[in-house]
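S.K.: Below, each chain spelled out in residue letters.
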Amino acid sequence: MAQLEIKNVTRRFGDFVALDNVSLNIEAGEFFTLLGPSGCGKTTLLRMIAGFDMPDAGQILLDGKDLADIPPEKRPIHTVFQSYALFPHLTVAQNITFSLRMARNALSEVNARLQQSLDQMRLAGQADKYPHELSGGQKQRVALARALINRPRLLLLDESLAALDAKLREEVQVELINLQRDIGITFVFVTHAQTEALALSHRIAVLNHGRLEQVDEPSKLYGFPGNRFVADFIGHINQLEAQVLESVHSHLHLSVAGLGDIIAPPLPGAIPGQRGVFSIRPEQVRIGMHNELAELKNHFSGTIQSVLYQGDVSVYRVGLADGVTVEALLPNSAPGRAQLFEAGDTVKVGWRHDAGMLFHD
Amino acid sequence: MTKPYNSEARLGKYLVGGPPFLFLLLMFAAPAVITVIASLSYPGEFGGLAPLVARDPGTLHGVTLETYRFFFSDFIYIEIFLKSVLMASATTLFCLSLAYPLALLIARSPKKRRDRLVLLVILPFASNFLIRIYAWMIVLGPQSALSRLINGILSLFGLAPVHLLFSSFAVLIALVYVHLPFMVLPLYTNLEKHDPSLLDAAQDLGANAWQRFWRVTFPLSLPGVFAGTALVFIPALGMFAIPEILGGTGDMLIGNLIKEQFLVTRDWPFGATLSIMLTIAVLMIAWLTAKLGARRYV
Amino acid sequence: MYSSRYGLWAAALAVYAFLYLPLAIVVAYSFNDSRLNAEWVGFTWHWYQVLLHDEDMLIAAGNSLLIALVSSLISTVLGTLAGIAIYRYDFKLLNFLVMAPVAMPEILLGVSLLLFYIQVLNLTLGMLSVLLAHIVFSIGFVAIVVRAGLAALDVSIFEAARDLGASPWQTFRHVTYPLILPCMIAGGLMAFTLSIDDFVVTFFTAGVGVQTLPLHIYSMIKTSVTPEVNAVSTLLMLLTLALILAAARFAPDMLKGKY
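Chains V, S and P, in that order, are what the protein sequence lines are.
FYI, the working numbering numbers position 134 of the first sequence as 134, with every residue one higher than the one before it.
FYI, the working numbering numbers position 109 of the second sequence as 109, with every residue one higher than the one before it.
FYI, the working numbering numbers position 137 of the third sequence as 137, with every residue one higher than the one before it.
Just so you know, the hints here were simulated from the structure itself, not pulled from any lab data.
The beta-carbon is built from N, C-alpha and C at its ideal position, and this holds for glycine as well.
Among the hints, erroneous ones may be present.
[What the hints assert, rightly or not] Counterexamples of contact, computed for chain P against chain S with all Cβ distances above 12 Å: (1) Y48; (2) L181; (3) P227; (4) A247; (5) A248.
[Unchecked claim] Think about it this way: if two alpha-carbon atoms lie no more than 25 Å apart in a straight line, the pair counts; the simulated PhoX-like pairs of lysine-lysine are: (6) S:K193 <-> V:K129; (7) S:K291 <-> V:K129; (8) V:K129 <-> V:K139; (9) S:K193 <-> S:K291; (10) V:K348 <-> V:K297; (11) P:K92 <-> S:K83; (12) V:K7 <-> V:K74; (13) S:K83 <-> V:K139; (14) P:K92 <-> S:K13.
[Unchecked claim] Anything over 12 Å on all C-beta distances counts as not near chain S; from chain V, calculated: (15) L100; (16) M102; (17) D361.
Just chain V, same shape as in the assembly (with noise of 0.2 Å):
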């Protein structure tokens, strides 16, 4: 039995449906991350896991019990808010022991507690602080801290580093993993960027007009997505009008508008005339000057349109025939092929027959 068990959820605000009968499960000691545009309802799945919401049908069950019945106040369940919700007129030291607090734990068990939060969260030094004197990372340590202190089944966080700037963000991930694989809770994380998503969670959930999409590990998700949505949402991908002309066990051969005929990975159901999207990462899309990429099942002819230079990689917009163009990304330090392209030059682009996949409309 999952920890966290979604039933059929359906909520509705007048005629819009913020989520149309979602279903998941999420496992104890789990990184589990809801991924989404704005507008999705991931934030509304999560205020109804803390009890901020109620779904208009369907059930959530934690522990195999049903939480309707039960006040947010009364879930073992903390959230780490996006804007931290950090009480202003509180120390770092009474924010972090207020939920010990309000359970009126004696006093000896909330300092020997708020002790070794203090040290766990490096905020020795801070207690007395208010909230205001604190640096945008302490104050998320805080609002960590203050969730975690009577060690909840489950801690959601809502947006928690969207508040942080951009290389800030990158150390908070690296610690959020470490302190959740430490402390063995259950994550709910609920983000609107995708390589934040990506890097922090074991398994993610993409949401779409109060949708599920797909549930799967990160590297399935970017590498096999189930979908045209999650495909363009998660990363970049090209995206080119295609229709089938043969399906066999070990590839599928297809007519490209712009491109002629190419060789792409099976697909299990397709039949001939059957149309639909290629689509192709940008880092699996090679450049050559020559005729290096001749050995290619599929590779064509092109003009660089444009480059944007992005210090580690390159990416190049290259047009071919019929005013298709396709994008490709390129390491600028590659050893050996360390070649830049200009914009103008005369390329090859190509790419190998087991990359790329068709999803049919």
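Assemble chains S and P onto chain V, guided by the hints.
M.R.: Just chains S and P now, kept in the frame of chain V:
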């Protein structure tokens, strides 16, 4: 705001600020100084003040602390002062307990409705001050429905009827009535700014409704509470019209005492002394509420 | 969660009733066909007719209007200047002089002016003494509204005007003035209502020289309470209501408790 150029700043400051500055220097600062001087003077023979410099040597003149000595020598004046402080405190407390739920409700109403609810608090306050006091003369009058109801109930228990009008009770109720908006507005302004996610966080961490109010909402609203306290306490302390109209003979407050000295007894030096005492009390209250209401956090 | 909301509503409704019922009774009895403010007898316009023929009352009303009109005009000008000087030039001493009369109990202003008029200026109490006193406490309210209006503006527009070659005067004439005009009008309307309503300061500075409407109402309340007071109260309520709504049109934020 960026700093204006020096020459322009000095010129502009006095060109723009000069007219109101001079007016208030003459019409506010000078009278204040005169009040201090008056409190240190002897009373004139026919009311008013004795001259500081004698016209003929037989009359009282010069500077004296006589009125201050007089104030502290007779306990009756200190008693009236204490009674006024007590009355103002009671007014503040009642205003706070009436205003808090109202301000909380307005602050937690949908945005569109808030302005209308606030306007509803301000509107009665816009009617003339005397009319609002007069209204209570009718409500508390001996033949009013309220009086008859209360005395009816009292007679059921065999108790003697009471007079609601011309009593401390009438004075207190009118003081609360007149000052209530001054408590509602600062409280509402404060409560409206509270981040609702703080209440969610408290609930998430196990606080029940009672704990959420006393541990989060109330301590965060303290700057509003003290701002409102200053706005109610200070004018209530100096009030003279309400006891004059609704109070009985024993309901005299500092304000009435000052009025007596200036317009009836015509002992102006003593009246000025009482004004100075009231000013000191007001400044103390203002200082205290500002200090207590200062936010230790941002 | 929901039950506490009903509790709040009940408490709030009780407070609103406390605020409005006494005034509603005043209005109702102004149409009551009885000398006593005790029981409803029947509808009448009688008390309004009495009012129309009460010459003392009409003179007092005329004085009040005149004082309110002149004092609000002068205090609008002085208050606007003060608001600008405090905001633009951080004139701290002026800020104190402007705010103190607003913050202190009115009786203190009243008696100190009385002392000043009699002992220093040797002025006979009357229209002029009341007028000057009203300006003293009105300046502050206008200044508060104007300063808040200025603070709400984007500072860079003044810099843009200077950048485009406008002199300080031109900047004021073409940028600042049109932008704060609504605040000036709202402040002026406030000053008008404060003046026409004022009892305490007027009580000490009017002497026997001039009778204003509040002073007249006060003497009526103290001597003979008749429903004529209700009638004049009702009319006065209508007037202030109209002025408040007008002020709200010009400075809507003022009524949101933002200042």
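S.K.: Give me the numbers of the hints this structure contradicts, sorted from smallest to largest.
M.R.: 3, 4, 5, 11, 13, 15, 16
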